[in-house]
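Model the placement of chains L and U on the given structure of chain R, informed by the hints.
What follows is the residue order along each chain.
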Amino acid sequence: MNGRFVRPNPLPGFGPAFGVTLAWVALIVLIPLTALALRPWSLGITGVLASLESPRVLAALKLSFGASLAAAAINVPLGLLVAWVLVRGRFPGRQLADALVDLPFALPTAVAGIALTTLYAPNGWIGGLVAPFGIDLAYAMPGIMVALVFAGLPYVVRTVQPVLMDLPAEVEEVAATLGARPPQILVRVVLPAILPALLTGFGMAFARAVGEYGSVIFIAGNMPGLTEIAPLLIVIRLEQFDYAGAAVLALAMLMLSFTMLGAVNLLQQRLARRAR
Amino acid sequence: MNPRFPPVPIVAVLAALAALGGLVLLPVAALFAEAAGQGLGRALAAFDDPDSLAAIRLTLLVAAISVPVNTLGGLAASWCIARFRFTGRGVLLTFIELPLSVSPVISGLVWVLLFGAQGWFAPAVDRLGVQVIFATPGLVLATLFVTFPFVVRQLVPLMQAQGSEEEEAALTLGASPWRMFWHVTLPNVRWALLQGVLLLNARAMGEFGAVTVVSGRIRGQTLTMPLQIEALYNDFQAPAAFAMAGLLALLALVTLAARAWLEWHTRRGTDKTMATA
Amino acid sequence: MNKRMALKSAAAALLLTITIGSRPAAAQDSLLNVSYDPTRELYREVNRVFPAVWQKQTGRSIAVNTSHGGSGAQARAVLDGLQADVVTLALASDIDALATRGLVAKDWQTRLPEGSTPYTSTIVFLVRSGNPKAIRDWPDLVRSGVRVITPNPKTSGGARWNYLAALGWALRQPGGTEATGEAYLRRLFAQVPVLDTGARGATNTFVQRGLGDVLLAWENEALLSREELGADRFEIVYPSVTIRADPPVAVVDAVADKRGSRAPAEAFLRFLYSPEGQEIAARHHFRPRDPVVAARYEQKFPPVPTFGIELFGGWPEAQARHFAEGGVFDQVTTPAH
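Chains as they are written, first to last, in our numbering: chain R, 68 to 343; chain L, 547 to 823; chain U, 1298 to 1634.
Hints listed in this document are in silico derivations from the structure and should not be mistaken for laboratory results. Ideal Cβ positions, reconstructed from N, Cα and C, are used throughout, including at glycine. Hints may contain errors.
Claimed, not checked - Just the calculated beta-carbon pair ranges, DEER-fashion:
1. G133/R / E1563/U: 33 to 41 Å
2. L163/R / G587/L: 25 to 33 Å
3. R603/L / D1326/U: 21 to 29 Å
4. G587/L / G111/R: 54 to 62 Å
Just chain R, same shape as in the assembly (with noise of 0.2 Å):
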């Protein structure tokens, strides 16, 4: 590991410390994925490219990542507000409304899908306000998108939470003496700090959104082309015994997930470099 490999740098153990990451990386990430990446091939090109280029296939990668990614969107700026309140507000129940925050981490998927459908079917809660009016929330899209916005939020609310506390008053303190009111201080001084954080965040809530499985499931409704969600084509298929086709639905949702998390990541280290 001479100059070549990593830049020279004062600060010590490179050497076991990439060791380290690497064995783990490799046993647990590497060698699995590997073999699913080399799963699909069995089928041949053509049998690969046909097993993705059915209509059925075709809608589910598209509410999937759609879906994904509208979450996350709607997730940026509700974790920004959640943790920027978690973080400055002062108010009775502040310790409480922060444990809240870790609450979707901490229910199994599928509880949290019980709970979402208890809540949003017709006879439920909030289903039960606008089923008069005919509007189906369960079961159908708003309630997909229910679910993974409730399962990505934990994600920004933790990565912007650190960096806003480290967040030094100075800056804010002046802002505020010169007259900026909190949103002008929000959009112009704590954003451009933290929007890499931001931005990991981001790509947190989209990626998990992207994989879910067990809470959409109950709210879904998962009928095919309409509300049937891509991980439930994967198990369809494992249930017929075809690995060769999961695998290939898999390694494909993999390889677009990857390309979205390497995009976020390139612009997340080119923001954090000009930051600094």
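Chains L and U only, in chain R's frame:
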């Protein structure tokens, strides 16, 4: 935290609370209302069932293995990624984050592809006479995969934002690498690290999709708490299922208590230094 | 120097992961029964009673463990190495899948009486109390305004029986052809608002969420739902004709031979056919094969005209034609654009 910050408008506080309440609290409240409607006795019956107790033990064991492994790995990786520039750094980071975007179903499937009866390592595992999937090791592996990125995701942005000046100063002042790590690096990132461990722990205990695939669902043996909750729910024992879910949420959030304690502890520490100054 | 350190720590981490223990193989006198979802209550009781029977026969003690899940997912787990001594699944095609991969002998269906199905069930309609939409038979399901709840045949064994029951009725109508059958299925699935992944999920959607006017369900599931959730809330409707659903059982030869558990595994399955086993099955809402036991439960299981899977050329053909990717089910549920 700091009284010098400009106050947050009450509207924002209310909006944030409304969002949290409506999105997070209300569904859970609806769930428990439904469970409570069917009687508390039936709910508590969950903890009388030996299968449920076995599920609790199994979940604790799986978390006790996966949380330290992924915390140590995550610390090492964050140190490399946030403090050094090396070839393939971006690729490494993306690989670390990848498990997050892998559908839980796939996170289970990959281990089946490796250790299943037709998997890559099936002959080796067979010769050793070890059962990997459909037993505890498989549950641990699936959990490790699913909870892989949390620590790195929390630490890297923060460590990048902080920069390495303080660490370099410590070294210049003659601190050993370990001393620097314990007294500069770790304290600087402790909130983010704790947060990462909290997420890691919560997800390790609550993971459903991935463990479904590798569990084999043997009652009293390979059912973790989330799977036991599903089993109870499917047995028309919804109150017992929700009681288990409540316990799981509490267990998963146990690190919150640790954070509150640490927060209180350090605040007292800084007060003391300020008093002596 | 750095490179060596990196290698060393990599090796150490590797060792650590390998030594993270795995549990020893299960104790010898135990059986693992891998079953599908609606048999939970049935096998809970069988598992309690069978060890005493085995003890009396052989003087040895035994513990029976069970695993429940979707029938297809359970078969896949066994394929992937779940050490099941016996399987008791929802459809023959799931055991056929094990047979084609050599885990179960090809002739499994002839090794036990009645085609290796110790109990049967059928597909019925569960409607809300008072039957407000007056649902009596299959044509009523496709009347406008009737919403039908059934799980997804791709992921649920019970749903495949539902689907074939509906198709069988349509085929047996005067002038019924494959085309009219598929047309009926298309209309039927257009009335379905939700496709849950499992039978119990569909039951919950119908019962707890209050969705739909009729649930297509296993007879045993419908009877159990009434028992668990209130007989006053739901009624069971027997259509003019339905399918005889036979959930099969088999010893998993590969596992039984490896673990040396063939004797208890076979005894376990034979017990299901014994008067005592049949009685337990009947109590848990499965139709017994034994005529004596059946006579005692005549009230509970009214006679209903049925057809079997033979109508569709047997499971392998039905599976390939209807439920494979791009099969008839996919065609009739593709939304018309």
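Going down the list of hints, with the structure as the test:
1. Distance hint check for G133/R and E1563/U: the Cβ-Cβ separation is about 54 Å, which falls outside the suggested range of 33 to 41 Å.
2. Checked against the hint of 25 to 33 Å, the C-beta distance between L163/R and G587/L comes to roughly 28 Å, which is consistent with it.
3. Our hint of 21 to 29 Å for R603/L and D1326/U holds, since their Cβ atoms are close to 23 Å apart.
4. Evaluation of the 54 to 62 Å hint for G587/L and G111/R yields a pass: the beta carbon distance comes to about 60 Å.
Violated hints amount to a single one, hint 1; each of the other numbered hints is respected by the structure.
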